[in-house]
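Chemist: For reference, the chains in residue letters:
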Amino acid sequence: MNAHDVSTDVASDAHGHEEHGGNAKYLAVFGALVVLTAISFFLANSSVYETSPVVARAAMLAVSCAKALLVMLFFMHLLWEANWKYVLTIPASLMSVFLVLMLVPDVGRRTEKYNLERWRHASEPAQIQHHQAGHGADEEPHETPDEH
Amino acid sequence: MATAAHEHEHHGHIRLEYQPALPIPNGKVCLWLFLSTEIMFFAALIGAYIVLRFGAPAGTWPGPHDVHVIETVGAINTFVLICSSVTIVLALEAAKQNKSGLARMFLFLTLALGTLFLGIKAFEYKSKFDHGIYPKRPHSLVYDKADMYYLQAVRQRLQDHRASIEKELAAKPAKQKAEVLRQRLDVVDHLLTHYVAWTERQIAQSDDAAWRFAQFDMFAFYIYPLARNAAATSYLEEDLRVVKEELQKLAAPMAKLQSEIEKQKKEAEEAGARVEALQEQIEEAKKKAGDNPSDEQKTAITKLEEELAAATKQQTEATAAMKKASTELQGLQVQHKAAEGRRQLIEGGSDSPVPSLKSLVEVDDSGPHVKVHGGLNEHFPWLKLPIHIPSGNMWASTYFLLTGFHAMHVAVGLLVFVIVLLTGPLNRSRANVVENIGLYWHFVDLVWIFLFPLLYLF
Amino acid sequence: MSDIPLGTTAPVAVGHAKPSMGVGEFLSTYVFSRDHKVIGIQFLFSTLLWFLVGGLLALGIRWQLAWPWSNMPIIGRMLFSAQGGQISPEFYTMLFTMHATVMIFFVIIPILAGAFGNFLIPLMIGADDMAFPTLNMLSYWFMWPAFICIGLSFFAPGNGAAAGWTSYAPLSAIPEAAPSSGMAQTLWLLGITFVGVSSMMGSVNYLTTIIQMRAPGMTMFRLPLTIWGMFITAILQAFALPVLTAAGFMLLLDRTIGTGFFLPEMATANNAAPTSGGGQPLLWQHLFWFYSHPAVYIMILPAMGMVSDMISCFARKPIFGYKPMVYSMSGIAGLGFIVWGHHMFVSGMNPALGMTFMVSTMMIALPSAVKTFNWLGTLWGGKIHYTTPMLFSIAFVSMFVIGGLSGIFMAATPVDQMIHDTYYIVAHFHYVLFGGTAMGVFGAIYFWFPKMFGRMMNDSWGKVHFFLTFIFLNGTFFTMHVLGAVGFPRRLADPYHYLTFAQLQPINQFMTISAIGMVTSQIIFAINFFYSMFYGPRVGRNPWHANSLEWMAPSPPGHGNFDFQPVVYRGPYEYGSPETDDDYYPQTQPPPEDREASSDEGDH
Ligand code: HEM
Ligand SMILES: [Cu+2]
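Protein chains in written order, with the numbering used here: chain A, 421 to 568; chain B, 11 to 468; chain C, 59 to 662.
Derived from the structure by calculation, the hints contain no laboratory data. Wrong hints could be hidden among the right ones.
[Said to hold, decoys possible] Examples of chain B residues lying across from chain C (beta carbon under 10 angstroms, computed): (1) His-23; (2) Ile-24; (3) Arg-25; (4) Asn-36; (5) Val-39; (6) Cys-40; (7) Leu-43; (8) Phe-44; (9) Ala-53; (10) Leu-55; (11) Ala-58; (12) Val-61; (13) Ser-401; (14) Phe-415.
[Stated by the list, open to error] Below 30 angstroms or equal to it, Euclidean Cα-Cα: the simulated DSS-like pairs (lysine-lysine) are: (15) B:Lys-313 - B:Lys-276; (16) B:Lys-254 - B:Lys-347; (17) A:Lys-505 - B:Lys-106; (18) A:Lys-445 - B:Lys-106.
For glycine and all other residues, C-beta sits at the position ideal for the given N, C-alpha and C.
Required output: the full structure, derived from the provided sequences and hints.
Modeler: Pasting the structure below:
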């Protein structure tokens with residue numbers, strides 16, 4: 421990104437701090453953050469969420485990542501820092517994602533391994549359909565409660 | 011590579027020269043290192059949340075409104091944090107330009123915004139606590155599952171209420187208070203019989219598992235109606251039908267018993283009258299016959315006595331039958347009263363001191379959405395009955411874990427702000443301090459950026 | 059030591075011990091000191107003290123395994139008067155839990171990072187102190203709440219935590235689960251959290267210091283391998299430890315306020331109210347091992363670094379393959395983050411993960427082997443001086459080979475299913491931890507003792523100490539492989555209850571006798587250590603004729619470490635360089651006028 425990255429000269433720290441930053445830029449970032457927050461808020465209350473929650477959630481996470489990037493790049497001045505920024509942020513981020521991924525098979529999908537005894541005690545959504553199956557056909561079946 | 015001038019031996023401590031790898035102050039290196047450890051810390055917390063949340067039994071994780079999470083409040087708090095992020099970079103810019111006053115003002119603003127954030131957070135926590143939603147050993151009010159354990163917990167709670175109210179009443183409180191207490195006692199008793207005992211009986215008597223589930227669901231719905239469990243109210247009609255069927259079923263036998271009682275009573279009375287008449291006749295006949303009755307008289311008396319025996323027998327039999335019928339009737343009446351109480355619990359009625367189940371739900375025309383009014387716990391805040399929220403305990407565990415640790419980080423940041431504000435002007439020489447606390451604060455903001463959708467919108 | 063004459067390069071500068079000293083000055087010099095050397099020595103003394111405690115706990119375990127249910131000599135009557143001097147099964151469980159906890163968290167980790175890290179990092183890179191001396195002091199003093207918590211744990215009901223050092227849920231998560239699952243377990247968790255905070259402070263400080271405060275000319279690839287070991291260890295701690303801290307908090311919350319992260323639904327024990335649960339005990343195992351596998355490298359990488367330095371110095375040869383050494387350490391660290399599941403092969407973990415973790419674990423053997431061959435390559439053809447530190451270093455290499463090999467056996471899922479939770483595992487980690495790290499640490503103490511105290515330890519007694527320890531160590535731990543191979547279970551108070559194992563009692567008695575011998579041999583070390591502190595022969599700056607910067611400073615170094623500005627011209631392993639007449643070539647020695655300084659990026 422910038423040529424002076426390779427330099428280990430301390431003095432290069434002082435290079436034109438005035439030029440980046442700039443209050444107008446901060447306010448622009450502020451505006452972007454507010455708009456992005458609003459976007460995820462409306463996503464959650466939109467029909468997208470009703471029809472395909474997975475898409476909506478992915479979009480909200482993407483919005484969050486964008487917000488995080490904005491904050492890191494501008495507010496935390498990473499845009500103007502030397503290459504060390506990658507060393508400190510990327511491994512930690514990768515490692516956290518890896519940790520979560522490795523938790524998915526055992527913990528994220530743990531109900532797949534529930535035995536009968538555990539299911540007996542696990543929380544369940546209201547079992548309306550069971551009832552309809554057992555009792556009168558006079559009532560129309562209700563939809564499964566939406567997975568929030 | 012840089013070769014620094016050879017400084018010559020001082021005695022004592024000489025100032026050494028270094029060859030730093032990074033063109034930034036040590037404090038900032040340290041802070042960034044610290045922040046990357048913080049990334050891992052929150053990765054563990056948020057990661058645990060994600061896998062626990064999406065691994066919960068399908069369809070159970072509470073939606074925001076089930077647990078009094080208000081998206082708008084979360085959004086407002088997000089906004090507050092974004093504002094505070096801006097004010098702190100502005101503080102840094104001011105400090106860099108040696109405008110200490112301005113820098114202090116912006117830092118103070120950040121402090122105020124951070125405090126506001128915590129205030130809103132406290133308000134949010136309170137709304138959960140008020141409804142008994144928090145993890146607590148061994149049990150908070152939250153039950154993951156509506157089952158026998160849950161039902162017993164409700165019964166226990168009601169019985170505890172009963173005991174404590176009676177104790178208070180025994181202490182002869184002021185008239186007004188006694189009135190309130192008696193009303194409460196009435197509610198508790200009503201719930202114990204027509205709500206708890208009724209459900210228990212339904213569950214004990216039915217061998218249809220689905221029906222039992224339905225009873226549990228409705229039982230829980232009455233206390234803490236969850237919008238998405240509103241479907242449970244579809245049982246109401248069914249339940250009502252069963253209740254009414256029972257009432258109807260009871261009506262005929264009760265009427266029959268009633269008339270049977272009447273009949274037997276009449277019979278018994280008639281037989282009684284006859285017994286009296288016969289006794290008189292026998293008396294008379296005996297008197298007439300004197301000490302030496304003739305054979306004729308003897309046979310007449312014997313005949314009368316036989317008649318009397320028959321009449322007496324008839325009377326006893328009729329009385330017994332009447333008694334039997336009325337006991338039977340009493341039994342039916344109890345059943346009837348229970349069913350009637352239950353009917354009123356569902357439909358509402360003049361004798362019922364509690365809100366009706368039907369009043370909790372309001373089907374609106376737009377479709378399957380159901381408006382839910384507060385349940386028993388809301389109606390009688392003093393009741394504080396256990397509530398059923400599927401996966402509610404895990405929800406509370408993760409929610410308070412994530413927001414709690416985030417809030418703690420906010421609080422630490424605020425503390426540091428105060429210290430920095432109190433320890434002198436924020437001119438250029440202290441710009442690096444402002445930069446470092448700013449980095450920390452932005453990190454706290456970053457965490458929230460992910461927590462907001464995960465906790466409020468998902 | 060007889061091989062190398064004592065250095066006489068500079069007069070001894072004795073930094074401290076002025077005749078009159080006020081209480082305040084005493085406190086700030088020796089107790090609340092911000093000087094990295096004092097803090098390092100504080101760590102050293104504290105950990106050696108805990109080493110004693112841990113060793114005694116181990117003898118308790120061994121006693122029970124050799125002569126189960128027999129009265130314990132001397133202290134038995136005192137401790138278990140109720141049972142007539144006999145140990146109880148719960149007490150046995152406590153013993154192995156606390157033994158491991160003390161050894162890992164209070165001995166191995168703090169002696170490497172805390173004692174040697176503190177003492178050596180600034181000296182070896184040419185700095186006057188750590189980047190943040192106060193933070194450094196706090197990192198030591200945060201060990202004390204941990205010491206106190208674990209100490210108190212011994213007096214809580216149950217006589218100490220007894221859920222294993224791994225503290226698996228739900229045993230550790232339900233306070234009613236066992237007598238010691240209550241307060242003792244809570245204190246244990248608090249203690250571990252404090253250790254975590256201390257390590258955290260230390261590691262960010264070390265990293266900043268190493269990154270920012272190297273002397274002019276000290277490029278990253280001119281750093282001694284000790285520093286590389288410390289550097290990578292600090293990175294491991296910085297990234298892995300927060301996960302354990304988070305998990306620890308979650309477990310604490312499960313225990314205290316009834317969250318359910320690690321608890322299944324309706325879990326109950328000893329008539330405790332059933333838990334609401336909804337969580338997963340495996341989550342604890344994952345989070346715990348996410349830290350604790352990298353932690354086993356935290357427990358060995360610094361020792362590997364120190365051993366490399368000692369081997370190169372006493373073989374009077376440059377280290378073989380300096381850069382591969384660095385890369386293999388980095389490789390071990392990187393891979394170390396993706397292998398934690400090998401501790402969970404039989405936990406009911408998803409089989410798909412088992413495969414992944416098996417492959418990644420086996421890959422770790424590669425960088426480990428690179429290191430081993432490099433050490434051998436360094437020794438090959440060297441002018442080896444069999445000093446005490448060298449003996450310990452060679453022992454380190456050979457013991458690590460044995461431990462590493464058994465590790466590869468266990469990495470294979472099907473094999474591990476047979477030997478998991480047997481004494482095979484115990485043999486493995488004692489070979490790497492005692493045979494490896496502890497031997498390396500002993501060597502390092504003999505090696506850097508002159509720098510710490512300005513006096514030499516006695517070499518002959520050192521050798522006696524070495525040979526006794528080495529023999530008894532193998533007597534104790536090698537036999538464990540045999541036991542493990544036939545399935546002798548670990549963590550069981552009386553395995554002889556099962557007839558199959560009854561015949562193994564004599565082997566166990568042999569091991570116990572060896573263990574007693576091993577502990578007893580340490581008396582020699584203790585006497586040598588304390589005697590030499592006061593009466594050992596004084597030494598100059600560079601008694602071993604080594605190259606790295608710490609040997610250029612006075613022994614012991616005064617406040618500020620260096621009495622000159624160190625400038626570095628080359629790497630630390632230039633032994634036998636043709637450029638000089640000496641067989642060593644200190645990093646600070648300017649090159650002869652007519653030659654350029656050797657190129658920075660080290661052409662080793
Ligand atoms: C060649 C490299 C290594 C490999 C392949 C390896 C592999 C393993 C495996 C598979 C286990 C789990 C066995 C089981 O519980 O069934 C294990 C346990 C263990 N390893 Fe290693 N290991 C290696 C090096 C090390 C090193 C260098 C250390 C420490 C300095 C170490 C310390 C431990 C400890 C303490 C345990 C036991 C944990 C417990 O269950 O209490 N290992 N190792
Ligand atoms: Cu491992």
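Chemist: Taking the hints in turn, state whether each one holds.
Modeler: Hint check results:
no., hint, in the structure
1, His-23, "4 angstroms, holds"
2, Ile-24, "7 angstroms, holds"
3, Arg-25, "8 angstroms, holds"
4, Asn-36, "5 angstroms, holds"
5, Val-39, "5 angstroms, holds"
6, Cys-40, "5 angstroms, holds"
7, Leu-43, "4 angstroms, holds"
8, Phe-44, "5 angstroms, holds"
9, Ala-53, "7 angstroms, holds"
10, Leu-55, "5 angstroms, holds"
11, Ala-58, "6 angstroms, holds"
12, Val-61, "7 angstroms, holds"
13, Ser-401, "6 angstroms, holds"
14, Phe-415, "8 angstroms, holds"
15, B:Lys-313 - B:Lys-276, "25 angstroms, holds"
16, B:Lys-254 - B:Lys-347, "12 angstroms, holds"
17, A:Lys-505 - B:Lys-106, "22 angstroms, holds"
18, A:Lys-445 - B:Lys-106, "16 angstroms, holds"
Violated hints: none; the structure is consistent with every hint.
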